[in-house]
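Protein chains in written order, with my numbering: chain S, 576 to 1095; chain D, 1182 to 1551.
Think of the hints as simulated: they come from the structure by calculation, not from any bench.
Backbone N, C-alpha and C fix where the C-beta goes; we use that ideal spot for every residue, glycine too.
Do not take every clue at face value.
Said to hold, decoys possible - Example chain D residues on the side facing chain S (calculated, C-beta under 7 angstroms, incomplete): (1) V1402; (2) R1405; (3) A1421.
The chain contents come next:
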Amino acid sequence: MSNTSSEVAKGPHHSGGAAPSALSARNITKRFPGVLANDNVDFDVRPGEVHTLLGENGAGKSTLAAMLCGLYQPDSGTIARNGAPVVLSSPRAGLSHGIAMVHQHFRLVERFTVAENVVLGSRDLSYTLKRAELNDRVAEVAERYGLPVDPSATVGDLSVGQRQRVEIVKALYQGAEILLLDEPTAVLVPAEVEKLFENVHAMTATGKSIVFISHKLGEVVEISDRVTVLRNGRVTGHVSGRGSADTRELARLMVGRDIDLAVQRASHATGHEVLQIRDLSLTVNGIDVLSNISFNVHEGEMVGIAGVAGNGQKELADTIAGLVSPTSGSVSIGGSMSTDRGPIAARELGLAYVPEDRLGMGLVPSMSILDNLLLTRDRDTVVDRASVKPEANRLIDQFEIKANGPEHLARKLSGGNAQKVLLARELSGGRTATKLLVVCSPTRGLDVGAIETVRRLLDDARSAGQAILLISEDLDEIMSLADRILVLYRGAIVHETTGESAQLTTVGAAMAGLTQEVQQ
Amino acid sequence: MNLPFRLAFEQRTETPRRLAVMVPLLSVLAAIVAGGIFLFATGYSPFETYSNMLSDGFFSSTGITDTLGLSTVLICTGIAAAFAFQMNLYNIGGEGQLYLGMIGGAWAGLFFGDRLPGFVMIPVVLLVGAACGALWIALPAFVRARLGTSEIVTTLLLTYIGASLVNHFIYRAGSYFRAPNTLFPQGRQVPDSAMLSPLGDTTMYPTFFLVTVLAVFLWWVVRRTEFGYRIQVISDSPRAARYAGISAQRTTVQVMMISGALSGLGGATLIVGTFGRLDPGIVLLGYGYAGIVIAALARNNMAAIIVSGILFAGLRTGGDKLQISTDTPIHIGVMLQGAILLFALGGEAFRRYRVKVVRMQTATAQGAAQ
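This is chain S alone, in the form it adopts within the complex (with noise of 0.2 angstroms):
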């Protein structure tokens, strides 16, 4: 697998190379009500190798996974095991195919320990469990593979990244030879990425084979092997050789056109303080979930939270927000108090907040975009929705959204829409000016030609004087957009540090809780 020549080459792939595919599809095509998912989709893995299925949400990656591993079948096409056809009509018998999938969102019982996880579904146990005896199997393969896990701790005990091998050590001890990897760092902090990589490298030293699914462009160069990419369904490269990719080019064949992601910070001085938390701690249920908590953001200056999910940041934000009262300390908007005042007086002060979870929080999903619009504003007795709507079809053309109208219902936009719907009503104001905004993963799960918007409306927010705390789990995020960056582990500010001095390994050790370090 010394393939090092480069070749960049659009339409269908056409291997030539002397190594028999452990996994092949052939001209696959999926169709959904209304999408045409997979169009005619070429796709092989051979032993011992990482191939990257590439491309934005919506490509129709996660489909042909599903159809590689039994979940879904195809309209059309063929899928072949070592050359011979085979029919994978349930995930199941992608398993007896010795194919698994370790999906994006984790399918494991939480009170279960890792070794009752793995051996979850196997068909071979006896009626009463021999713990100690699992315990040995398990730990068996996860050494095998260089995977360290406790058989006998409880998942609900465990790291995210850490659950994550759990379910590696599942699929292989089921007999996979072919592993998927849905998504597998979208909830993994840069040193747990690390940690995977080497998994897998350990896993492709023993032949197995890695289906890596991503968009993530920098991480998809440097563990493919090959690069298929994928765009509405249809393959529209392919890159053979170990990081000899170009992000650039990638991207481009990923999106159809050039995309800057390019680092942007406040090009001017900022003002006066914007927002202003002093001493701010709240516990629930006997959980210290913020202590003591201070710092202010200017107008003009975004002020970037890092962290790993679970530190508080949801609770920052919606203490900010006024949806949660601190136990104790302040928060001040604008010069004023709004500690203990609620939402609404919150965004008189001139808030606006765009929480992480956009439908079902940030916008109601049965409601059409127009309604959606109103929410966090002023609403008559009788509402009057024919007013709003010149302001509603204004917004759509202003913010790029893609709908039918203002009657499109939310849960029916894409997720990049959905922000733009939910930044369009929170930059536009609503009770007042906004001053404060609070925008938390404002582009998480989004395809880069969103991110790019969605990261140009913010910049645009900054330089038009608007304060702007941008909480986000993604570092790279942080790093290229933010002036100053506050890293929050256990509810509580650990590192500081200003956009241009970041170091990417400082920042990151502080997330992950090692403070001696970043203390110096």
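For this one, chain S is given, so just place chain D on it according to the hints.
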């Protein structure tokens, strides 16, 4: 079991508009077919029975006015149920709130009977009835809003207490509501000033128009007002409501109280028309429970409840008359009512899922390959 095919349910991304209309219609049709099979199996002619029911319920002059007369209370309990259901508040106790509305209405009629003129009396009876219905749901509403206690359980249990209360007021010697000097205990008739006259020589009262207007008004409230907007936000995503500073607690209490008031109003319409007194027979009629089915069939659409309410009233009047004209049991109407609910709820699956027949040949081919 090795069938050559299996049924697969595929989730629909959206429900086609025609299905929203077709599913309730087909549910009714399916219920009629199922009822027909039952009739045939028990020795009655389905066609004859149904044509009798149809003409007795809808297509005779007394039939249609009896039906519209009965639909008055059913539309009331229907909109009462739907108003709560649309916010995912399952007020199952419309029946009990109806009893209380009747008690309240009868009390108002008896108490103010000789003191107030007729044009004030009727609204007073209706309002007191509605207020009593609202009062009967107040406790469930508050504990649901404050503590999250299941309103299904609390409203249902209060219905039994309501039924006991009706019996208590009728059977207790010397009760205010009891007619004096009758052989069998029965309710005391309210004065004429507290009663409306029927439309001509029918059993239909002007309250029918009141409740249809009310249903259309509530339809407008849900779609066009701030209150309706709030209900929609809370029912769809409670977290979005919190985010926007909309109080789910307050709206929960308001919606449940309105639901209770509507059932109570239904009870009071039986005082100003039809009965004219508190009648212990009410606990056997199940008008409040019928409202649940009527709301489900209309998919909680306030205006559509006028149609489903009339349909149900027709089934009942048709079924009742069947017993008199032929020897078909009265319960055929009630049975159809239950069948319609079952099919309407089952029909929901077709709105949300597409049913596909999957042939199994491929799987057996694969089985052979293994």
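Here is what the structure says about each hint:
A distance limit of 7 angstroms between C-beta atoms decides the matter here; for D:V1402 the minimum to chain S is near 9 angstroms, and the interface restraint is violated. Annotation: interface hint on D:R1405 holds; nearest CB of chain S at approximately 6 angstroms, less than 7 angstroms. Satisfaction of the interface hint for D:A1421 is found here, the shortest Cβ-Cβ separation to chain S being roughly 5 angstroms, below the 7 angstroms cut-off.
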